[in-house]
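A.B. asks: So the chains spell out like this:
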Amino acid sequence: MGIGIRIEELRKVYDTPPPMAARGAAFARAGMRSGRNEKKNFEVVALAGISLEIRPGEVYGLLGPNGAGKSTTIGILTTRVKPNGGRALLGEYDVWKEPVKVKRLIGVVPQRPNLDFALTAREILLFHGAYFGQTARERSRRAAELLEKFKLTDRADHMARTFSGGMMQRLSIARAMMHDPEVLFLDEPSAGLDPQTRLLLWEIIRDYNRLGKTIVLTTHNMDEADALCDRLAIIDHGRIIARGTPSELKASIPGGHLLRLRFDRVPEPLAAALQALPGVLEVRPVDSAGADVYADRGGTLIPAIVSAAQAADVELRDVSISEPSLETLFLHHTGRSLRD
Amino acid sequence: MNWKTFFAMLSRDAHVARRNLLPLLLQNLLQPLLLVFVFGRVLTTGGMMAARFKDVMLPGVIAISMALSGVQAVAMPLMVEFQFTREIEDRLLAPMANGWLAVEKVIAGMVQALVAGLVVIPAAWLVLGSGVHISLRHPFEFVAVCLLVSLFSAAGGLTLGCSVGQTQIGLMFSLVLAPMMMFGCAYYPWSMLSAFPGLQYAVLINPLVYASEGLRGALAPQVPHMPAYVVVGALLAIDIALLVAGVRQFRKKALS
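Top line first, the protein sequences correspond to chains A and B. So for the first sequence, our numbering puts the first residue at 1; every next one is plus one. So for the second sequence, our numbering puts the first residue at 1; every next one is plus one.
If you're looking for bench data, these hints aren't it; they were derived computationally from the structure. Hints are supplied without guarantee of correctness; some may be wrong.
[As the list claims (entries may be wrong)] The calculated DSS-like cross-link candidates involving lysine-lysine, where the alpha carbons are at most 30 Å apart (straight line), are:
1) K149/A with K101/A
2) K4/B with K252/B
3) K101/A with K252/B
4) K101/A with K82/A
5) K82/A with K97/A
6) K97/A with K252/B
7) K4/B with K253/B
8) K97/A with K4/B
9) K82/A with K4/B
10) K97/A with K253/B
11) K253/B with K82/A
12) K82/A with K252/B
13) K101/A with K4/B
14) K101/A with K253/B
15) K4/B with K149/A
Chain A extracted, bound-state conformation (with noise of 0.2 Å):
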């Protein structure tokens, strides 16, 4: 049976710069303080007390943009970051205690990658099997298998560092499926592939999650979340804002639909009107010139909205309008696009 993890409260304040492979793309810098001696002062609020379970054998995501506290989540679970509070329980064993032990259940693919460039790519392979144990025997069939099904075997004896991006990413995802663990991590997978490549990835999560395999994956792509994870967790500045799954996060969107709506300036009146109409629930302002309209329904609105700008004698300049999808969602619950 597959293996489940527990989050609870995990805490992580960053008192130096980390290494610049292990922040992400960007960081979370909001907690900063400058002074003259950068060093001493730095402070980033990683975390700030996350709890969350995950449950055997599902797909679970965790959405949020850079910086959210997705890559520190990873970090720890997968025993690399050391939190400040907290603990981190996969399966029955406690990360930050039995390291050693996390360690042989689980595969970790990073998001940039780490291959051993010393080494060709089968020879990654094969070296990754022995540090988890492998016989030669099963180590040379399962390499061969893997450097297959992600269709790098015409380039498996040329050395890894001559590879382009996406065929170290797939690598690597090969590698962390090497020793077939229990849990498999994937920090933004897709991010460099092209489409073609990121379908057949996504097959490939499929079919190791049919094997009864936990996955827990990171993504900032909307489309991501949603075809793959059966559950998510939406986190921002180091907390958990939603969770649940995709389609219980796209009903909680107030009616579902959401008109993003852009004028030259918005008037009190005209902010009480917009809200008045019918199927609208919530009226959010958005700096001076702007709205966001959730309503029930959506294109059939526009005409009203038009009259209403008119009577208040303010030029609609652009609408747009979203279907219920977890980026608006993400856009529901912190006033920012995920891409912001």
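With chain A held as given, fit chain B onto it using these hints.
C.D. replies: Chain B alone, transformed into the frame defined by chain A:
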């Protein structure tokens, strides 16, 4: 302790070293050979140096060669792998406590240091020509000193590799390694420094002093040298200190 993992990592390092055998040999051999040729052959043949200088410098060059190659074999890859390519992560995720990976690196570095020191002997012999009085009259002392020297260089490499930032690599060479080589009694016996009393005692913090003196005692006992128990005792203490410091730095560095 997970020995399968440990040995798999050693065999990985051996595999990589075999693949880079030629550049590694050149890197380890060329500098000592040039030193030996210029100081031991050119200057002695030209009469600028006494012929017995050959006996003084050969053990010193072996010591330098071992010390440098161990430091290089451990420190340089660690600096790059920790700070830039993050290659080390795949081994940090292997089922073994992180401190053992540091120990594995030290053992791999020791092997390289030993090989580097030993290949210098026949090569230097050839370059020096006649008149070298090197013998293996104290084989146990020789083996013990070689092992201790290789451990100091590999453990020193571990400590340096985990403490020095990528931007300070050049500084490490000019501030740590260059003085270590010049004040390591490699080209002169320690007793000769008696003309500079302050310096004579200051250099005692330099592990290379004991390496040179120890090898001199084992290979060319006719040249003045420190007694074996001083050499072995000092190297042992230095080895333990560097190993403890290095493993601690490594474990700290392995986590963010």
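A.B. asks: Take a quick look at whether K82/A and K252/B sit within 30 Å of each other, Cα to Cα.
C.D. replies: 10 Å, holds
A.B. asks: Would the hint linking K82/A and K4/B be met if the CA-CA limit is 30 Å?
C.D. replies: 26 Å, holds
A.B. asks: Sort out whether K149/A lies within 30 Å of K4/B, counting only the CA atoms.
C.D. replies: 28 Å, holds
A.B. asks: K97/A and K253/B were given as a pair; does the straight-line alpha-carbon distance stay at or below 30 Å?
C.D. replies: The hint holds at about 18 Å.
A.B. asks: Does K82/A sit within 30 Å of K253/B, going by the straight-line distance between their CA atoms?
C.D. replies: With Cα atoms ~11 Å apart, K253/B and K82/A stay inside 30 Å; holds.
A.B. asks: Would you mind confirming whether the straight-line C-alpha gap from K4/B to K252/B stays at or under 30 Å?
C.D. replies: 24 Å, holds
A.B. asks: Tell me if the straight-line CA distance from K82/A to K97/A falls inside 30 Å.
C.D. replies: 11 Å, holds
A.B. asks: Does K101/A lie within 30 Å of K149/A when you go C-alpha to C-alpha?
C.D. replies: 28 Å, holds
A.B. asks: Sort out whether K4/B lies within 30 Å of K97/A, counting only the CA atoms.
C.D. replies: Holds - the C-alpha atoms of K4/B and K97/A are around 22 Å apart, at most 30 Å.
A.B. asks: Keeping to a limit of 30 Å between CA atoms, is the pair of K101/A and K4/B held or broken?
C.D. replies: At roughly 15 Å apart (the allowed maximum being 30 Å), K4/B and K101/A satisfy the hint.
A.B. asks: Quick one, are K101/A and K253/B close enough, alpha carbons at most 30 Å?
C.D. replies: Roughly 21 Å separates the two Cα atoms, so the pair holds.
A.B. asks: Is the Cα-Cα distance between K101/A and K252/B 30 Å or less?
C.D. replies: 20 Å, holds
Consistency note: the structure conflicts with none of the earlier hints.
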